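Participant: On the provided structure of chain X, position chain H as indicated by the hints.
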Amino acid sequence: MSSTCTTEADGPAPLAQALFFALVVRPLVLVVLGLNVRGRERLPRRGPAVLVANHNSHLDTLILMSLYPLRALRRVRPVAAADYFLRTRWLAWFARRVMGIVPVARGAARGADPLAGAEAALARGEILILYPEGTRGEPERLARFKGGVARLAERHPQVPFHPVYIHGAGKALPKGEALLVPFFCDVLVGEPLRWNGSRRAFREALEARMRALAAEGGFPPWE
Amino acid sequence: MSLPAHLTAPVLWTVAAVVAALALATALAAWRRARDPEGARELWLRVRSWWVMVAVFAVAVLLGPRASIVFLAFVSYLALKEYLSLIPTRRADRRVLFWAYLAIPVQYWWVADAWYGMFVIFIPVYMFLLLPARMVLAGETRGFLRAAGTLHWGLMSTVFALSHAAYLLALPPEGNPVGGRAGLLLYLVLLTELNDVAQYVWGRLLGRRPVVPRVSPRKTVEGLAGGVATTVALAVLLAPWLTPLAPLEALGAGLLIGLGGFAGDVTLSAVKRDIGVKDSGTLIPGHGGVLDRVDSLTYSAPLFFHYVVYLHY
Chain X
508 MSSTCTTEAD GPAPLAQALF FALVVRPLVL VVLGLNVRGR ERLPRRGPAV
558 LVANHNSHLD TLILMSLYPL RALRRVRPVA AADYFLRTRW LAWFARRVMG
608 IVPVARGAAR GADPLAGAEA ALARGEILIL YPEGTRGEPE RLARFKGGVA
658 RLAERHPQVP FHPVYIHGAG KALPKGEALL VPFFCDVLVG EPLRWNGSRR
708 AFREALEARM RALAAEGGFP PWE
Chain H
72 MSLPAHLTAP VLWTVAAVVA ALALATALAA WRRARDPEGA RELWLRVRSW
122 WVMVAVFAVA VLLGPRASIV FLAFVSYLAL KEYLSLIPTR RADRRVLFWA
172 YLAIPVQYWW VADAWYGMFV IFIPVYMFLL LPARMVLAGE TRGFLRAAGT
222 LHWGLMSTVF ALSHAAYLLA LPPEGNPVGG RAGLLLYLVL LTELNDVAQY
272 VWGRLLGRRP VVPRVSPRKT VEGLAGGVAT TVALAVLLAP WLTPLAPLEA
322 LGAGLLIGLG GFAGDVTLSA VKRDIGVKDS GTLIPGHGGV LDRVDSLTYS
372 APLFFHYVVY LHY
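Protein chains in written order, with my numbering: chain X, 508 to 730; chain H, 72 to 384.
Next up, chain X with everything else stripped away, as it sits in the complex (with noise of 0.2 Å):
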């Protein structure tokens, strides 16, 4: 592998990570917030596996790396926007060495391959954080998916994607907003989804298993 972007000197510190978890994150997302979890049981405890997540909120990825014990942190990657996360060198710094987040170019791909470090991640057995809203967008709805996810799932049919919905994070601090209020967030797990064929079908059985998950939380609109 001689991506760019995940030589293994790019990947997260473990000691940085550790405590800036143990003592940020689990406060903030534990006691300042509160989680309900449900299908807890079916999260997948060791890679390769990617988590399909919906995003409304910098607090998502916090949440989902929290449901993971300290150890195993430094093998769940965050894929982030290279543009976003990377665009100055204090946050690129924290983004790679504590959060431990994959990069990838948003937009025109100048014939790189946008996904190479997600697929590298993959390939050394790591679980990836997946957003395929592609952004935050409204707070507490689900935007179309884009196209990445069916393509990961193409190369890698063996692979299996956990849809995971997330409630609450985009009413605490949803896009835009500095401001943190606090809402208990539920996060719902379900059955896991492997390639079936066409990238057409495989994003839409996605989509269909993500609207069934908010379905099942029952959550009123955010008006």
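Each hint should be verified, as a subset may be incorrect.
Claimed, not checked - No farther apart than 25 Å at their CA atoms in a straight line, the calculated lysine to aspartate or glutamate pairs in the DMTMM-like style are these: (1) H/Lys349 to X/Glu723; (2) H/Lys349 to X/Glu548; (3) X/Lys653 to X/Glu626; (4) X/Lys682 to H/Glu211.
To be verified - Here are some chain X residues the structure puts well away from chain H; computed CB gaps all over 12 Å: (5) Leu530; (6) Arg549; (7) Asp590; (8) Val605; (9) Lys678; (10) Glu711; (11) Ala712.
It should be emphasised that the hints constitute simulated quantities derived from the structure, not laboratory data. Quick caveat, the model's predicted, so the values are computed rather than measured. The C-beta atom is built at its ideal place from N, Cα and C for all residues, glycine as well.
Facilitator: Using the frame of chain X, we list chain H on its own:
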């Protein structure tokens, strides 16, 4: 051995008795579980959660009034957060809710400061006036009244009402020479929680006629009567050790806690039925959410507080 000023021997004995009773309940649950693991699962979870709750509450009480007040403020925080996560809130009110949360440290500050005047009007008057005014700044008028009403109801129940339990610790200690400051709090919380358990157990044993079938079909006249009778008996029994109440006064306290606890329980049931959920959360395995556990206290705390203050302070 001399005890720290905030603790009295009766308080320690009561805590020890609760631990012993819980050990007995655990043995009973373990026996049922050995015979029927699936059927006794809920009971087992419930007993395990009681251990955690008793341990946390006992540590807070033993550490002293400051720690107990901080602990009760935290319970208010969990309860309000659960309430605000449960009810439909408006997007426009996100920042208003932040102000509502800020009422918690302020309200419990009045408690720690023993500033009764502020304690008793801050939420019913000042927060009542402030939050709708802040909502006006957000500018959204659709659903305004419903949002203002539900928010205030939540603050009154989860913060104002519950903080009365904490204010028992701020009453002058001379008023309760035998039980001490922690005595009244322990008396209130113990009787309220035992009342819940007693109503449940009597209901399971003898329950036939529902009291409020449309709100909570499993609450029965027999459960209510048996629970209140048990609570009154315990109230009279414990009063000389933990409170300044005379036997007849303790009988009244037992009635207030028993009936008030029931009212708090079914009121939250009505709210949950309105929203369409069974439990208020999943924080306490076997019990549901924090609100499910403190609903009775939201009624019994202010009722008991004013009753005791009227009679003895």
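Participant: All the hints need checking, so say for each whether the structure fits it.
Facilitator: Okay, the hints, checked on the actual structure:
For the hint linking H/Lys349 to X/Glu723, the alpha-carbon distance of about 14 Å falls within 25 Å, and the restraint holds. Distance hint between H/Lys349 and X/Glu548 is fulfilled; the C-alpha atoms sit about 22 Å from each other, no more than 25 Å. For the suggested pair X/Lys653 and X/Glu626, the alpha carbons sit about 17 Å apart, so the restraint of at most 25 Å is met. Between the alpha carbons of X/Lys682 and H/Glu211 the distance comes to roughly 20 Å, so the proposed pair stays at or under 25 Å and holds.
Residue-level check passed: X/Leu530 sits 19 Å from the nearest beta carbon of chain H, beyond 12 Å. For X/Arg549, the requirement that its beta carbon stay farther than 12 Å from each beta carbon of chain H is met, with the minimum near 16 Å. Every beta carbon of chain H lies more than 12 Å from that of X/Asp590, the smallest distance being close to 28 Å; the non-interface claim holds. Remark: the non-interface label on X/Val605 is consistent with the geometry, its nearest Cβ contact in chain H lying 27 Å away (cut-off 12 Å).
The beta carbon of X/Lys678 sits about 7 Å from the closest Cβ of chain H, which is not more than 12 Å, so the claim that it is off the interface is violated. Every Cβ of chain H is farther than 12 Å from the Cβ of X/Glu711; the closest lies at roughly 29 Å, confirming the non-interface assignment. Under the 12 Å C-beta cut-off, the non-interface status given to X/Ala712 relative to chain H holds; the minimum distance is some 29 Å.
Violation of the numbered hints given earlier is confined to hint 9; every other hint is satisfied by the structure.
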